[in-house]
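Colleague: Read off the chains here:
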Amino acid sequence: MPGYSAGNSRAARGVFSRRPPRHLEGRLESSELERFEVVVLPHLSAAYTLARYLTRNDHDAEDIVQDAYLRALKYFSGFRGEAGTSARAWLLAIVRNTAYSSRRRQRPEDFATEFDEAVHSDAVADDHPEATLLRNTAKDSVRRALDRLAPEFREVIVLRELEGLSYKEISDVAGVPVGTVMSRLSRARARLQEALREEEER
Amino acid sequence: MTHPSFEAQLDAYLDGELATGDARELEAHLAQCPECTRFRDGRLELRAAISARVPAFQASDTLRKRVRAALGVAAQARAPRRIAMRGAWRPLAIAASLAVVAVGSWRLALDRAAGETLADDVLASHIRSLMPGHLTDVPSTDQHTVKPWFNGRLDFSPPVYDFSGRGYPLLGGRLDYVDGRAVAALVYGRRQHLINQFLWPAARGPAAVSSTSTRQGYHLLHWTTADYSYWVVSDLGLPELRDFAGLLRQADSAAGAPK
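Going down the list, the protein sequences come from chains A and B.
Per my numbering, the first sequence starts with residue -19, numbered consecutively.
Per my numbering, the second sequence starts with residue 9, numbered consecutively.
Derived by calculation from the structure, the hints in this document are not laboratory data.
In this text, a Cβ means the ideal position worked out from N, Cα and C, and glycines have one as well.
Accuracy of the hints is not assured; some may be wrong.
[Stated by the list, open to error] Covered stretches of chain A, going by a simulated chain B footprint (3 or more residues, C-beta under 8 Å):
(1) 22 to 32
(2) 76 to 82
(3) 134 to 144
(4) 162 to 176
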């Protein structure tokens, strides 16, 4: 089962070899930063994955992750006790907003118009550092197709297929109703499937 | 049903997001419609292609260090203000606790505090189990492997189920230590989320206590039956966690009084 960090081989140990929860108690009760590190820092790779697919390059993705974590720390006290949201979805919502606002600053035209494949696809594929390499290997057409999708389609695929979020969580992260999540996912998949089909025909 | 809306329905079905009634209707339709079956197979193929070729990235150590350093600086900048606050609040807190005694809620407050401590315990165990190498003592998706593993390790034999058909596969079990005693911890999965279920024999007393709480982004459900005290913890959304707890309760009552 990919994604789960399951398994160790400590089956032979006895009942009392496990340390009581006490050693964590101090950690949970001490500073807010340490609590934040336990709850939010484990989702660093999830945050980076989303940022990486939204920005399509490593450098911007790392900047966005760092910004997003600083914002998350700032709002962390407001997060506790919020029902129905996982820490992961909460963080990913912040990553998404950080990515969008930074792009709006740098390239307002990306958000001013509806996505038009003829206009955007080559331009956006080019700023992916591996784009040139990928173009030469027909094998990776699915990933290239994903990179060419409009951000609102790309993000639902990443949130669902790579981050494993539920429709409700995606709707919280993307700030759209669950019905919209459902139709966007379906449209995004249809486009990716076309890419897959073209590849098979080659 | 128009075509695009049907496709979205089928996607929701494959994502396990369709309500049970709609899912059954759709399954019935799939059984007798080759075109829709082809459509479904195409989607399954796409899913396999994505999981094989579209990677989830790992954050580099450099990024991890960079983020931690930035957090440390930001937290330090805010620290002095918090200490000042704490000082200002202390007289208020004392006044508040005196008020509690004054209105005679002393006993209630004590009980609540005990319940909170237990919830803290359970949450600490859950979080620790997520740290590398702590999740399971007996990693297995087979309930008939996990259940007997507890023999001789606990003074009770915990009921173990596999809900993989409902999207909550069993991942294994381990011994844990909560509320001053050794308890059974069973680990279930839901997509990339992990669910810890803790149980131990209930103290004698009226059954049917139940509670829900949320701490640090984790949800905790607690209930007791005549035999066991149960806790379920996860970062999964509350509706799904309730769904999981419902399955457990159902399985328990179907199995009759667990031994």
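Colleague: Has the stretch 162 to 176 of chain A got at least three residues whose CB is nearer than 8 Å to a CB belonging to chain B?
Modeller: holds (count 10)
Colleague: Can you take a look at whether the stretch 134 to 144 of chain A is actually covered by chain B? Rule is 3+ residues, C-beta closer than 8 Å.
Modeller: It holds: at least three residues are needed, and the stretch 134 to 144 of chain A offers 6 whose Cβ sits within less than 8 Å of chain B.
Colleague: With a cut-off of 8 Å between beta carbons, are at least three residues of the stretch 76 to 82 of chain A near chain B?
Modeller: n = 0 at 8 Å, threshold three: violated.
Colleague: Check whether three or more residues of the stretch 22 to 32 of chain A sit with their beta carbon closer than 8 Å to a beta carbon of chain B.
Modeller: holds (count 8)
In summary, the one numbered hint that this structure violates is 2.
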